[in-house]
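Colleague: Protein sequence lines, in the order shown, are assigned to chains A and B. Sequential numbering of the first sequence, starting at 1, is according to this note's numbering. Sequential numbering of the second sequence, starting at 227, is according to this note's numbering.
Don't take every hint at face value.
[As the list claims (entries may be wrong)] If you want the footprint, here are the derived chain A segments under chain B, 3+ residues with CB under 8 Å: (1) 115-127; (2) 214-220.
[Said to hold, decoys possible] Derived DMTMM-like pairs: lysine to aspartate or glutamate, alpha-carbon spacing no greater than 25 Å straight-line: (3) A:Lys198 to A:Glu132; (4) B:Lys287 to A:Glu159; (5) A:Lys226 to A:Glu87; (6) A:Lys226 to A:Asp55; (7) A:Lys204 to A:Asp192; (8) A:Lys169 to A:Asp192; (9) B:Lys287 to A:Glu71; (10) A:Lys169 to B:Glu256; (11) A:Lys204 to A:Asp220; (12) B:Lys287 to A:Glu25; (13) A:Lys169 to A:Glu182; (14) B:Lys287 to A:Glu91; (15) A:Lys169 to A:Asp212; (16) A:Lys169 to A:Asp126; (17) A:Lys169 to A:Glu129; (18) A:Lys169 to B:Glu274; (19) A:Lys198 to A:Asp55; (20) A:Lys198 to A:Asp161; (21) A:Lys204 to A:Glu224; (22) A:Lys204 to A:Glu159; (23) B:Lys287 to A:Glu87; (24) A:Lys226 to A:Asp161; (25) A:Lys204 to A:Asp161; (26) A:Lys169 to B:Glu250; (27) A:Lys169 to B:Glu328.
[Said to hold, decoys possible] Sample of chain B residues at the chain A side, in silico, Cβ under 8 Å: (28) Cys251; (29) Ala285; (30) Gly333.
No lab work stands behind these hints, which were simulated from the structure alone. Idealized CB from N, CA, C, for every residue including glycine.
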Amino acid sequence: MRLGVLFSGGKDSSFACWKAMGREEVACLITVLPRNPESYLFHTPNIHLAALQADAAGLPLVSAESAGVEEEEVADLSRALSLAVREHGIEGVVTGAIRSVYQAARVQRVCHALGLWCFNPLWQRDEEEYLEEVVSSGFRFLVSGVSAASLGEAWLGREMDREALDELKALARRNRMNPAGEGGEYETFVLDAPFFRKRIEILKASREYRGDHGMYRIDDARLEAK
Amino acid sequence: MILVLDLSYRPGSLSADEFVAPVECIVREEGQTPQIRHYTGVAREDLEAADGAILCGTALKDTGYLDGLESFGWLTSFPHPVLGICAGMQAIARIFGGTVQEGVSIGMAEVEVTGEDPLFAGRNRFTAYELHGLSVVPPASFRVLAVSPSGVQAIRHREMPVYGVLFHPEVRNEWLVRRFLSLCRQKGSGHNRRDEEGKRGI
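Same shape as in the complex, but just chain A:
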């Protein structure tokens, strides 16, 4: 089955892509670029680098813009998936949804309307166990956005290695935070994955932090050999 992966460049959609590659044919990555940074459905930090990540993976990228207005996002998603059907003949869509019924139900409805299969290979995973698997499978990712009081500025740009993962799990338990960050507590950017042919090297980045919110903006990056 030819599939398109809804891709944000973060750990969840990247890991879902890898899971899908093991069982079906991933024909393309699909990115919706929200103009509104507070998008309800779509991950935003560094989404402009999804094209570089697609190059790293050797996969074509289909992208469509969205105004990022709550219910219009569904129509924007539908346009992006229709484009992937036309350009790459996909028969189904893969998402990195774990527990978000809001996100999963909307993608399911769009897929149903378009006659597409919908797969959520991370659905209902235990978050701690899942994070362990992501890190131990060779994914390298950093924290590209924070939006929780318990995650301060020091987390911005921090790579999720073993030490950071243990710290995050402890923080999540103490603060009753979703350790996978699916509630928007933090966002991630994948630098390398088992299916990447090249890895991403960050050349220039900047941090913005205000209140409990912060963003690690990657201003310049390039591919390097693995």
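Based on the hints, put chain B in the right spot on chain A.
Modeller: This is chain B only, laid out in the frame that chain A set:
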């Protein structure tokens, strides 16, 4: 051992992660041993060793199990509790003489409990995740236990501990799967046909 059946389009599909693994996880958390099988590959030894069976859901577009109903013939003589989830409920309904019809519902919905049964004891209403493209018209041998605005949400055979739920209890309603597993453990409670038959000296 609890037999956990994958009803998706092929063994080891991408859907198994989504519909089978969460159920498998609940079975393990309850201290029971799950035995995962694709519905086309259930052996007699699997049925003999099982204390109960759960038939899992499938992707919305995946209805291939309805073309392979001969694989579910064992349901009419299985002596332990059975829980069919979504696709599993549809297969159960068809095997016992009911029908399925087009009926799409995606998202959270209010479920109202309308029939008394230990599976729903103490629950009058709850919200549940629906993800189905087909709805069920239950066979005459089943009672309706719960409904939602989209139709029948839970059924039970009038004499056998065979249940079907159209919503997905593995999403936000794990309690239902846990209760079902406790029914599987209650030997001699009337939820286990083999015990009942033993009492009657059959």
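Colleague: All the hints need checking, so say for each whether the structure fits it.
Modeller: Each hint tested on the structure:
Restraint check on the stretch 115-127 of chain A versus chain B: 12 residues with Cβ-Cβ distances below 8 Å, three needed, restraint holds. Counting residues of the stretch 214-220 of chain A whose C-beta lies closer than 8 Å to any C-beta of chain B gives 0; at least three are required, and the coverage claim is violated. The hinted pair formed by lysine 198 (chain A) and glutamate 132 (chain A) meets the criterion: a straight-line CA distance of about 23 Å does not exceed 25 Å. Taking the CA atoms of lysine 287 (chain B) and glutamate 159 (chain A), the gap is about 39 Å. The hint is violated against a cut of 25 Å.
For a cut-off of 25 Å, the pair hint linking lysine 226 (chain A) to glutamate 87 (chain A) is broken: about 30 Å separates their Cα positions. Proximity of lysine 226 (chain A) to aspartate 55 (chain A) is assessed by CA-CA distance (about 14 Å); at most 25 Å being required, the pair is judged to hold. Simply put, lysine 204 (chain A) and aspartate 192 (chain A) have alpha-carbon atoms about 17 Å apart, close enough for the 25 Å limit, and the pair holds. Proposed proximity of lysine 169 (chain A) and aspartate 192 (chain A) is supported: the alpha carbons are some 22 Å apart, at most 25 Å.
For the given pair, lysine 287 (chain B) sits about 24 Å from glutamate 71 (chain A) by alpha-carbon distance, which is consistent with the 25 Å threshold. Among the hinted pairs, lysine 169 (chain A) with glutamate 256 (chain B) is consistent with the structure: their alpha-carbon atoms are about 24 Å apart, no more than 25 Å. Restraint check for lysine 204 (chain A) and aspartate 220 (chain A): the C-alpha separation of about 5 Å stays at or below 25 Å, so the hint holds. Pair hint lysine 287 (chain B) plus glutamate 25 (chain A) holds up; C-alpha atoms about 18 Å apart against a cutoff of 25 Å.
At roughly 14 Å between alpha-carbon atoms, lysine 169 (chain A) and glutamate 182 (chain A) fall within 25 Å of each other, so this suggested pair holds. Under the criterion of a C-alpha separation no larger than 25 Å, the hint pairing lysine 287 (chain B) with glutamate 91 (chain A) is consistent with the structure, at around 11 Å. Restraint check for lysine 169 (chain A) and aspartate 212 (chain A): satisfied, since their Cα atoms lie roughly 19 Å apart, inside the 25 Å limit. With a C-alpha separation of about 12 Å, the suggested pairing of lysine 169 (chain A) with aspartate 126 (chain A) holds against the 25 Å cut-off.
A threshold of 25 Å between alpha carbons decides the hint, and for lysine 169 (chain A) with glutamate 129 (chain A) the separation of about 10 Å falls inside it, so the pair holds. This hinted pair does not check out: lysine 169 (chain A) and glutamate 274 (chain B) have alpha carbons roughly 42 Å apart, beyond 25 Å. Using a Cα cut-off of 25 Å, the hinted pair lysine 198 (chain A) and aspartate 55 (chain A) holds, with the two alpha carbons roughly 8 Å apart. For the given pair, lysine 198 (chain A) sits about 19 Å from aspartate 161 (chain A) by alpha-carbon distance, which is consistent with the 25 Å threshold.
Restraint check for lysine 204 (chain A) and glutamate 224 (chain A): satisfied, since their Cα atoms lie roughly 15 Å apart, inside the 25 Å limit. Under the criterion of a C-alpha separation no larger than 25 Å, the hint pairing lysine 204 (chain A) with glutamate 159 (chain A) is consistent with the structure, at around 15 Å. Only pairs whose Cα atoms come within 25 Å are accepted, and lysine 287 (chain B) paired with glutamate 87 (chain A) is accepted, the gap being roughly 22 Å. Under the criterion of a C-alpha separation no larger than 25 Å, the hint pairing lysine 226 (chain A) with aspartate 161 (chain A) is consistent with the structure, at around 18 Å.
Note on lysine 204 (chain A) and aspartate 161 (chain A): the hinted pairing holds, with a Cα-Cα distance of about 21 Å set against a maximum of 25 Å. Taking the CA atoms of lysine 169 (chain A) and glutamate 250 (chain B), the gap is about 24 Å. The hint holds against a cut of 25 Å. For the proposed pair lysine 169 (chain A) and glutamate 328 (chain B), the alpha carbon gap of about 44 Å is over 25 Å, so the pair is violated. At about 7 Å, the closest approach between the beta carbon of cysteine 251 (chain B) and any beta carbon in chain A falls short of 8 Å, and the interface hint on this residue holds.
A least Cβ separation of about 6 Å between alanine 285 (chain B) and chain A falls short of the 8 Å threshold, and the interface hint therefore holds. Taking 8 Å as the C-beta cut-off, the interface hint given for glycine 333 (chain B) holds, the closest approach to chain A being about 4 Å.
Of the hints listed earlier, those the structure fails to meet are numbers 2, 4, 5, 18 and 27, in rising order.
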